[in-house]
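*Asks:* Chains A and B, in that order, give the protein sequences. Numbering-wise, the numbering used here comes out as the position in the first sequence, counting from 1, plus 1081. Numbering-wise, the numbering used here comes out as the position in the second sequence, counting from 1, plus 6.
If you are wondering where the hints come from, they were derived from the structure by calculation, not from laboratory data. Among these hints, one or two may not hold up.
[Said to hold, decoys possible] SDA-like mimics (lysine to any residue), calculated; alpha carbons at most 20 Å apart, straight line:
| id | chain 1 | residue 1 | chain 2 | residue 2 |
| --- | --- | --- | --- | --- |
| 1 | B | K19 | A | N1179 |
| 2 | A | K1160 | B | L231 |
| 3 | B | K234 | A | Q1340 |
| 4 | B | K141 | A | T1151 |
| 5 | B | K19 | A | K1160 |
| 6 | B | K19 | A | T1151 |
| 7 | A | K1160 | B | P126 |
| 8 | B | K234 | A | N1179 |
| 9 | B | K234 | B | P126 |
| 10 | B | K19 | B | L231 |
[What the hints assert, rightly or not] Reference listing, derived: stretches of chain B covered by chain A, where coverage requires no fewer than 3 residues with Cβ under 8 Å from a Cβ of chain A:
| id | stretch |
| --- | --- |
| 11 | 149-161 |
| 12 | 177-183 |
| 13 | 212-225 |
In this text, a Cβ means the ideal position worked out from N, Cα and C, and glycines have one as well.
The lines below spell out each chain.
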Amino acid sequence: MHPALYVSKTGLSAQDTALTTTSNNLANVNTTGFKRERAVFQDLLYQIKRQPGGLTSQDSELPSGLQVGTGVRVVGTAKEFTQGSLQVTEQPLDIAVNGRGFLQVLLPDGNISYTRDGQFQLNSNGDIVTANGHPLEPAITIPENTSSITIGTDGTVSTLVTGDTAPTVIGNITTVDFINPQGLEAIGNNLFRETGASGDPQEGTPGLDGLGTLEQGMVESSNVEVVEELVNMITTQRAYEMNSKVVSTADQMLQYISQNI
Amino acid sequence: MDKALYISMSGAKQSMLAQRAHSNNLANVNTTGFKNDFAQARSMPVYGEHHPTRAYAMTERPGTNFQQGPLNETGRELDVAIKGEGWIAVQAPDGSEAYTRAGDLQTDSNGILRTGSGLPVLGNGGPVAIPPSAKMEIGADGTISVIPLGQPADALAEIDRIKLVNPPNDQIEKGADGLIRVKEGNPPAVIDGNVRLEPGFLEESNVNAVESLTEILSLARQYELHVKVMSTADQNSEAAARLLQIS
């Protein structure tokens, strides 16, 4: 069969994957702490039909051979951990990381996952939990009758209990950093999991050792750029259309030869 | 038999090969740093006891178009594009040195700087390793400087320099893995201080989509012409056979 059919098929499926990535970014344009992804394209192997430099005689060689490519594929999606813009919410339990670093969340299976989504709430025990009810790690419990909660830029949590005159420090929020955040595995619910590619988590105090500071009363918006994604969508669509044109052209060629010979 | 039948068969076959080369270009219209391939046909005379009027076609890939692709702003600190001529040296899976224009870099868990497809980027002495750092900058000449973790902003230190080369275009070729290498028999590429990087940008594919698509459509028509000649050659030999039949 016509090889161009298969080559343009790889083009179609790669553009499909790119469009899925773009539409996932756009769908999460308002998701707190979301980090956009980009599809990484790579050309596939080349087939050597005639070896360049092959000897045509004892004294002469082919100046150029024939190598035909076999198409394209998406080798991966790269998460882009650029900072999203900070949005003021005035909620005492909203925390944004300004700079590098992830907040830690304890999953029900005992593993720790990492997030940039700092919209926390209290559960019935007074624990600070995510919107899905997973507790913050290290766990922080707010005592009863608390009239105000203050979270410092270095993660110190202090509360003022009604009747007291001075605030009490009840815990410290630590953040972790990875040498390669792009290697983190996104598991949905705004959470990431450590992998072999990300390296080990390095825990630290916010504001020190290159870690970003914590900002109370703010959340980090998604870092998706709407205009950029829409432009990506247009180029992806046009590349898709042109590859599908090649499929139909190759098909017409096969049809033509089978009808005319 | 008239050799025209075989001649037009070779034409049809070779235009299918050429079409595949063009469709590969078109499939890579969105691939970062991709350089499009040329395809051309060469004539190959049929030798023998007849008038030298027949020539077979042979498709060739005379080379790759190394023209600069458009630069696309991404704003990511690890994205680099080469402005003008030059190549980024990477280590191919077989350990050899190869060149690419795809500058979508990232670091792995050991801090090794890699391209988007996972190949280690070469520096002054082997693959570039980035220590844990608070901030990293890639300069226009490939110099990588970092603020090490826990250090103030004035502790910016140069750690390595990406190996940038610029061998002449006639000494390099695209290999079977899509990477560029120095052709055999040519001197290995040396560091060229004039190659300029543009951090925060990526180089797009230099495929001209309209040109590739037009080429594909025109090859499809040429193919139909070859098929037409095949059926004409068939009719000719049929007529000749009918004349020679003993009635």
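*Asks:* Next step is simple, just say for each hint if it's right about the structure.
*Replies:* Verification of the hints:
1. B:K19 <-> A:N1179: Given pair K19 (chain B), N1179 (chain A) is violated - Cα atoms ~61 Å apart, limit 20 Å.
2. A:K1160 <-> B:L231: violated (49 Å)
3. B:K234 <-> A:Q1340: holds (11 Å)
4. B:K141 <-> A:T1151: The given pair, whose Cα atoms are some 40 Å apart, is violated under the 20 Å limit.
5. B:K19 <-> A:K1160: violated (44 Å)
6. B:K19 <-> A:T1151: Roughly 17 Å between the alpha carbons, so the hint for K19 (chain B) and T1151 (chain A) holds.
7. A:K1160 <-> B:P126: OK: K1160 (chain A) and P126 (chain B) at ~19 Å, within 20 Å.
8. B:K234 <-> A:N1179: Distance ~69 Å between K234 (chain B) and N1179 (chain A) Cα, so the pair is violated.
9. B:K234 <-> B:P126: Status violated; Cα separation ~52 Å.
10. B:K19 <-> B:L231: holds (12 Å)
11. 149-161: holds (count 3)
12. 177-183: holds (count 5)
13. 212-225: holds (count 5)
When the structure is compared with the earlier hints, violations turn up for hints 1, 2, 4, 5, 8 and 9 and for no others.
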